[in-house]
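Colleague: Throw the hints in and build the complete structure from the sequences for me.
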Amino acid sequence: MKVYILGSGAGIPIIGHFNESVLVEEKGCSYLFDAGEPCAATLHTNALLKFYGLKTIKNLPLINIYSIKCIFISHSDVDHISGLPMLLQVMHLWQKRGDSFRFQPDNSIRLYLPPEIVDIFRNLPHISKRFTLRYNLHINPIKEGCIYSDDLVKVLAIRNSHVKDGNSFSFILMSRDKRIAYSGDLGNESEIAHLVNEYVDLLIVECAHFSPERLCEALKRLERNIGMVIVTHIHESLYGREKDLERMFSERLNCKVIVAKDCLKLEL
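So the sequence shown is numbered by the numbering used here: it starts at 1 and just counts up by one.
Among the hints, a few may not be true.
Claimed, not checked - Below, a list of computed lysine-lysine pairs in the DSBU-like style, where the Cα atoms sit at most 30 Å apart:
1. K243 - K2
2. K27 - K178
3. K2 - K178
4. K50 - K27
5. K220 - K265
6. K178 - K243
7. K220 - K256
8. K164 - K220
9. K2 - K55
10. K2 - K265
11. K265 - K27
12. K2 - K27
13. K69 - K58
14. K164 - K143
It is worth saying that the hints were derived from the structure and are not from the lab.
Remember, predicted model here, so these are calculated numbers, not experimental data.
Modeller: This is how it looks when you write it as structure tokens:
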């Protein structure tokens with residue numbers, strides 16, 4: 001199983017810390033969690049360069065966008081959905097290259113959204129009045145519990161308190177032998193406990209809405225249930241301090257902690 005941190009920043013992005021987006025790849029199939037800007041470019045640059053016989057960029061992933069089976073959006077804050085319209089359009093436009101550029105087996109992709117923005121994205125092609133999608137987009141409102149399963153993975157949605165007047169979710173992705181928890185944005189660090197009440201091989205956790213010290217204290221109480229931690233969606237005041245933060249976590253915790261920058265790749 002491979003994990004790509006496509007965007008690791010919070011509400012104010014910079015180069016190296018673009019908006020939140022995480023891709024999990026399992027046996028040739030991919031699952032995208034959040035779609036902050038510019039996830040379409042990050043995902044597709046090397047595939048486009050390779051297609052035209054150009055040199056690929058070393059630090060960017062080489063992903064087939066049609067390997068993506070599902071997109072899961074944790075909540076409707078702009079930094080988590082800003083790249084989604086462009087990604088849906090790129091998936092549409094790139095299909096002009098031929099029949100091999102399709103979602104398998106039936107050219108369909110599933111999009112899971114907080115209920116309050118479902119109608120916005122259902123109407124998006126009509127609002128733009130520019131195109132009818134070349135693929136089948138199945139849009140589903142997220143409810144707490146198991147929201148998706150296939151032959152490779154199962155995905156659970158867990159409600160959190162980040163959004164006071166709407167819906168906000170964290171996710172658990174489970175394969176046959178791995179379990180990944182993705183926090184999205186949280187109301188407070190105590191909600192991490194809901195994600196690791198069973199052992200997780202990897203916890204992908206934000207650090208924009210509480211301090212690294214508070215996050216560290218929360219992880220210390222839970223680390224027996226955590227194999228590894230990726231700290232992402234970091235507050236802009238933490239940009240450039242990644243190595244200092246990793247040292248702090250390593251001094252206080254027994255589990256391995258990586259503070260992400262964009263295009264971090266991890267293999268479980």
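Colleague: Determine for every hint whether it applies to the structure shown.
Modeller: Going through the hints against the structure:
1. Taking the CA atoms of K243 and K2, the gap is near 23 Å; set against the 30 Å cutoff, the hint holds.
2. Using a Cα cut-off of 30 Å, the hinted pair K27 and K178 holds, with the two alpha carbons roughly 13 Å apart.
3. With a C-alpha separation of about 11 Å, the suggested pairing of K2 with K178 holds against the 30 Å cut-off.
4. For the given pair, K50 sits about 21 Å from K27 by alpha-carbon distance, which is consistent with the 30 Å threshold.
5. A hinted pair counts as satisfied when its Cα atoms are at most 30 Å apart, and K220 with K265 qualifies at roughly 25 Å.
6. Between K178 and K243 the CA atoms are separated by roughly 27 Å; this keeps the pair inside 30 Å, and the hint holds.
7. Restraint check for K220 and K256: the C-alpha separation of about 12 Å stays at or below 30 Å, so the hint holds.
8. Under the criterion of a C-alpha separation no larger than 30 Å, the hint pairing K164 with K220 is consistent with the structure, at around 27 Å.
9. About 23 Å separates the Cα atoms of K2 and K55, which keeps this hinted pair within 30 Å; it holds.
10. Between K2 and K265 the CA atoms are separated by roughly 7 Å; this keeps the pair inside 30 Å, and the hint holds.
11. The hinted pair formed by K265 and K27 meets the criterion: a straight-line CA distance of about 16 Å does not exceed 30 Å.
12. As the CA atoms of K2 and K27 are separated by approximately 9 Å, the hinted pair is consistent with the 30 Å bound.
13. Only pairs whose Cα atoms come within 30 Å are accepted, and K69 paired with K58 is accepted, the gap being roughly 25 Å.
14. Note on K164 and K143: the hinted pairing holds, with a Cα-Cα distance of about 17 Å set against a maximum of 30 Å.
Hint check: no violations occur; every hint is consistent with the structure.
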